[in-house]
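Q: One-letter residues, chain by chain:
Number of protein chains: 2
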Amino acid sequence: MIAQTPAPPYYAVIFTSIRSDQPEGYDDTATRMQLLACEQPGYLGFESARDGLGISVSYWRDLASIRSWKQQADHLIAQEKGRTEWYSVYQVRIARVERDYAFHSE
Amino acid sequence: MIAQTPAPPYYAVIFTSIRSDQPEGYDDTATRMQLLACEQPGYLGFESARDGLGISVSYWRDLASIRSWKQQADHLIAQEKGRTEWYSVYQVRIARVERDYAFHSE
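Line by line, the protein sequences give chains A and B.
Its first residue numbered 1, the first sequence is counted upward by one per residue in the numbering used here.
Its first residue numbered 1, the second sequence is counted upward by one per residue in the numbering used here.
For the record, the hints were derived by calculation from the structure and aren't laboratory data.
Hints should not be assumed to be uniformly reliable.
[Stated by the list, open to error] Footprint (simulated), chain B over chain A, 3 or more residues, beta carbon under 8 Å: (1) 13-20; (2) 23-34; (3) 66-77; (4) 83-92.
[To be verified] Cβ-Cβ distance ranges computed for the label pairs, FRET-style: (5) A:Glu24 / B:Gln34: 29 to 37 Å; (6) B:Glu80 / A:Phe46: 38 to 46 Å; (7) A:Leu63 / B:Phe103: 19 to 27 Å; (8) A:Glu24 / B:Arg67: 40 to 48 Å; (9) A:Ile77 / B:Lys81: 39 to 47 Å.
C-beta atoms are modelled at their ideal positions from N, C-alpha and C, and glycine is treated no differently.
Turn these sequences into a full structure, and let the hints guide you.
A: So this is what it looks like as structure tokens:
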């Protein structure tokens with residue numbers, strides 16, 4: 001569930017959102033987009049949680065991979081649905097991961 | 001709930017975690033740490049969600065602010081409790097936010 005990413009540097013797209021009251025079709029599309037993202041060149045991983053506020057972070061090799069994914073045809077349609085139906089507000093932040101470290105209990 | 005951050009560049013600390021089965025004292029400390037973080041120099045904002053996987057993102061002016069917060073005395077104690085009691089696994093990623101954009105429905 002925690003994404004297994006390579007050694008930095010790599011990129012993160014932090015997508016923070018609040019859903020609208022009309023989630024019809026949302027879950028199906030979200031799952032479909034997640035599967036589609038996996039197949040994109042440069043995709044490194046994905047993490048997501050929601051309890052009121054939703055935070056999804058996708059990880060990418062470089063900015064070119066992020067741009068290609070943003071322009072992918074089915075994803076463009078999903079983004080449009082996101083704006084017209086599913087989200088009341090969202091924020092996208094594109095960030096270069098410079099350092100990371102993990103903890104695992106015994 | 002979505003952090004109101006200034007224009008990039010700024011920094012994000014992405015903390016992804018899975019909790020252990022012993023959450024005693026966790027909620028109190030999490031709230032206390034969130035309030036304490038607000039008061040640190042260079043703090044810009046905080047976002048958090050959990051449904052199994054937990055994702056917390058804190059935003060900072062620069063790497064020096066992140067280092068100071070990591071070394072803050074009460075926060076060091078909380079980090080130790082995190083490792084010994086509260087988390088079974090976590091991953092910390094420190095990233096430079098280079099671009100951001102927002103959507104608000106009408």
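Q: Hints first: check each against the structure and report whether it holds.
A: Against the structure, the hints come out as follows:
no.: 1; hint: 13-20; result: holds (count 5)
no.: 2; hint: 23-34; result: violated (count 0)
no.: 3; hint: 66-77; result: violated (count 0)
no.: 4; hint: 83-92; result: holds (count 7)
no.: 5; hint: A:Glu24 / B:Gln34: 29 to 37 Å; result: holds (34 Å)
no.: 6; hint: B:Glu80 / A:Phe46: 38 to 46 Å; result: violated (30 Å)
no.: 7; hint: A:Leu63 / B:Phe103: 19 to 27 Å; result: holds (20 Å)
no.: 8; hint: A:Glu24 / B:Arg67: 40 to 48 Å; result: holds (46 Å)
no.: 9; hint: A:Ile77 / B:Lys81: 39 to 47 Å; result: holds (46 Å)
Violated hints, listed in ascending order, are 2, 3 and 6; each of the other numbered hints is respected by the structure.
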